[in-house]
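In the order they appear, the protein sequences are chains U and F.
With this note's numbering applied, the first sequence corresponds to residues 32 to 543, in that order.
With this note's numbering applied, the second sequence corresponds to residues 11 to 129, in that order.
A portion of the hints provided could be inaccurate.
Sample of chain F residues facing chain U (criterion: CB under 7 Å; computed from the structure) [unchecked claim]: (1) LYS43; (2) ILE55; (3) LEU88.
Honestly, the hints are just simulated from the structure, not real lab data.
In this text, a Cβ means the ideal position worked out from N, Cα and C, and glycines have one as well.
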Amino acid sequence: MTDAIALLVVVPIVLSLAPIAVGKAWNRSGWVAAAAAALVHLGLSLTVAGQVFATGAFSYAVGDYAPPFGIELVADGVSATLVVLVSAVTLAVVLYARAAGPHTSGFYSGLLLLTAGISGVFVTGDLFNLYVFIEITGLATYALVATGRSPAAAMASLKYLLVGTIGASLYLLGVGYLYVSTGTLNMADLAATIPSVGYDSPLVLTGFGLLVVGLAVKAALFPLHTWQPGAYAESPDSVTAYISALVSTAAAYALFRVIYAVFTPAFDAAVPFALDALVILASVSVVVGSVLAVLQSDLKRMLAYSSVAQFGLVIAGFAVANTTAVTGGLIHLVGHAIMKAGLFVGVGALAGVAGGRTVDDFAGVAERAPIVSAAFAVLAFALVGVPPAVGFAGKWHIVLGAVEGGRWGVASVAVVSTLLTLAYFARVVERMYFQDAPASGAVADADASADAASDGVLASDGGSEAAPSGESGVSIEARLVVVAAAVGAVVLGLFATDLVSVFEPVLEVYFE
Amino acid sequence: MIDLLSTHYNYLVFVALVGIGLYAVTASSNLVKKVIGLNVFQVGIFLFFVTSGYVDGAAPPLVGHGSGPYASPLPHVLILTAIVVGVSLTAVALALIVRIYDAYGTLDEEAIREVQLND
Numbered sequence: 032m033t034d035a036i037a038l039l040v041v042v043p044i045v046l047s048l049a050p051i052a053v054g055k056a057w058n059r060s061g062w063v064a065a066a067a068a069a070l071v072h073l074g075l076s077l078t079v080a081g082q083v084f085a086t087g088a089f090s091y092a093v094g095d096y097a098p099p100f101g102i103e104l105v106a107d108g109v110s111a112t113l114v115v116l117v118s119a120v121t122l123a124v125v126l127y128a129r130a131a132g133p134h135t136s137g138f139y140s141g142l143l144l145l146t147a148g149i150s151g152v153f154v155t156g157d158l159f160n161l162y163v164f165i166e167i168t169g170l171a172t173y174a175l176v177a178t179g180r181s182p183a184a185a186m187a188s189l190k191y192l193l194v195g196t197i198g199a200s201l202y203l204l205g206v207g208y209l210y211v212s213t214g215t216l217n218m219a220d221l222a223a224t225i226p227s228v229g230y231d232s233p234l235v236l237t238g239f240g241l242l243v244v245g246l247a248v249k250a251a252l253f254p255l256h257t258w259q260p261g262a263y264a265e266s267p268d269s270v271t272a273y274i275s276a277l278v279s280t281a282a283a284y285a286l287f288r289v290i291y292a293v294f295t296p297a298f299d300a301a302v303p304f305a306l307d308a309l310v311i312l313a314s315v316s317v318v319v320g321s322v323l324a325v326l327q328s329d330l331k332r333m334l335a336y337s338s339v340a341q342f343g344l345v346i347a348g349f350a351v352a353n354t355t356a357v358t359g360g361l362i363h364l365v366g367h368a369i370m371k372a373g374l375f376v377g378v379g380a381l382a383g384v385a386g387g388r389t390v391d392d393f394a395g396v397a398e399r400a401p402i403v404s405a406a407f408a409v410l411a412f413a414l415v416g417v418p419p420a421v422g423f424a425g426k427w428h429i430v431l432g433a434v435e436g437g438r439w440g441v442a443s444v445a446v447v448s449t450l451l452t453l454a455y456f457a458r459v460v461e462r463m464y465f466q467d468a469p470a471s472g473a474v475a476d477a478d479a480s481a482d483a484a485s486d487g488v489l490a491s492d493g494g495s496e497a498a499p500s501g502e503s504g505v506s507i508e509a510r511l512v513v514v515a516a517a518v519g520a521v522v523l524g525l526f527a528t529d530l531v532s533v534f535e536p537v538l539e540v541y542f543e
Numbered sequence: 011m012i013d014l015l016s017t018h019y020n021y022l023v024f025v026a027l028v029g030i031g032l033y034a035v036t037a038s039s040n041l042v043k044k045v046i047g048l049n050v051f052q053v054g055i056f057l058f059f060v061t062s063g064y065v066d067g068a069a070p071p072l073v074g075h076g077s078g079p080y081a082s083p084l085p086h087v088l089i090l091t092a093i094v095v096g097v098s099l100t101a102v103a104l105a106l107i108v109r110i111y112d113a114y115g116t117l118d119e120e121a122i123r124e125v126q127l128n129d
């Protein structure tokens with residue numbers, strides 16, 4: 032069943048037409064097709080993962096053209112884990128979108144296209160093919176961000192498109208430089224041929240720089256993050272949950288592959304300056320992202336800046352370049368996806384109860400929506416890094432690896448970022464649990480003004496009509512998704528050693 | 011210098027196009043001009059790829075088209091894909107611009123920002 036790895040990309044692309052077809056026949060039924068596609072995708076990714084865990088990494092030659100001339104799809108422990116993550120998040124978001132909207136068939140089509148693009152990024156073993164999948168991911172994301180009803184969503188989407196395309200084009204240019212110097216595009220083949228060109232060749236160095244900068248734009252590292260807060264804040268809640276969980280994750284994963292599968296640690300040894308620069312960029316990103324998050328009053332913007340910081344931490348882990356730190360980066364990548372998706376769904380669900388999305392609106396919300404609030408608090412503390420949650424496991428390995436590698440800067444930045452993360456989440460949780468809700472009249476007022484301000488974004492949330500009347504204001508689907516994310520974050524943290532044993536064999540190949 | 015210009019003019023055009031494109035994206039405040047700038051930027055990169063497969067005096071890699079050195083077809087094929095991606099991006103960008111124009115009645119970035127701040 033090695034075909035399953037190709038079907039991971041083919042099935043969502045083909046089925047992305049299904050929601051439109053089904054939606055034509057029965058109104059608002061697009062989610063049925065999307066849910067079916069997500070289930071098939073889950074089956075395929077579990078098949079791939081099962082094979083990887085049973086017999087080890089394998090590769091698939093697309094169209095029977097043998098690599099390095101044909102396109103190669105590769106599944107190893109890391110990519111298998113990440114495609115299972117894609118399936119799980121897709122399923123959760125399709126479920127949540129059933130209640131929260133947008134209900135159009137086009138939205139579900141876009142979601143499936145995005146699933147295909149991201150799955151492709153995770154399994155491809157070819158640099159140019161990676162560019163194509165990054166652009167499929169990008170195109171679908173721009174369209175999904177623009178499904179927000181306010182015109183500000185279209186503006187945020189266009190800004191994202193301009194910045195994202197420049198990033199992807201720089202990446203393409205880097206691919207071009209490597210192709211000119213080596214004559215191949217296959218990652219494994221590049222790793223074998225680049226040393227013969229010479230790591231200090233200007234073409235190779237420029238290629239590395241362009242690839243890293245291009246992917247850093249997509250992963251939203253400071254100062255290339257400017258597109259992200261707008262895109263996250265203006266898109267509908269279900270879209271934010273999905274893209275915050277997976278889109279930047281795909282870019283960070285691509286960066287991981289470029290650094291280790293294409294350039295290998297030998298490049299780091301030959302040109303230490305390259306990864307040193309990346310460590311500095313990532314560390315600055317952690318601090319600035321956290322500080323900006325503390326300054327936000329809008330919760331979706333706060334979580335968006337928090338992503339800037341967390342991805343800085345992940346990429347700092349990658350750039351430390353020893354097995355422990357890179358493992359930590361990968362664990363935090365997976366953990367961040369689950370926690371951020373859960374947090375954004377939580378904000379969306381609680382906004383219906385609280386009547387707004389600012390920190391002050393959330394005062395006393397825990398009393399009216401105890402289950403979702405509890406799950407939100409668990410996720411918040413998981414992201415801060417409270418054991419046994421997965422946020423702790425990731426940060427622990429990054430710090431440990433940084434200390435092993437003598438990168439005290441990264442270790443201290445990780446600790447500082449933990450304190451700052453606590454600062455912005457403690458503020459929210461304190462409001463939720465230890466402040467009284469405003470009087471009910473004020474809630475109604477706030478509700479009305481928030482509705483007017485966000486131009487119907489709230490109205491598209493299924494539960495907002497019943498807003499002030501307690502937990503009933505939160506849809507069952509939203510409750511399920513947030514609780515599942517909270518449970519997932521804790522369980523994944525408990526089984527972190529298993530994750531380590533999945534990731535380490537992949538890394539040992541690179542670090543030998 | 012003249013020698014360099016006459017033999018490497020394609021790379022100079024590539025650099026010029028990328029520079030002009032980036033300038034247009036960042037400096038112009040009209041959204042359509044930004045998108046066109048993005049296109050120019052991408053075309054510069056496409057030119058770099060295409061020119062990397064070019065061999066002076068080479069035949070196209072087709073059966074029955076002479077012998078001797080052939081031009082490498084792979085970069086051209088890659089760029090066909092990239093052009094399709096670029097066209098789709100332009101289409102999405104223009105669709106967004108139509109929506110923005112309907113909502114704000116202007117395509118000037120500064121004017122739109124003012125409207126957003128006043129809301």
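Hint-by-hint comparison with the structure:
1. LYS43: Where the cut-off is 7 Å and the nearest Cβ of chain U is about 11 Å from F:LYS43, the hint is violated.
2. ILE55: At about 5 Å, which falls below the 7 Å cut-off, the nearest Cβ of chain U leaves the hint on F:ILE55 intact, so it holds.
3. LEU88: It holds, given that the least Cβ distance between F:LEU88 and chain U is near 6 Å, below 7 Å.
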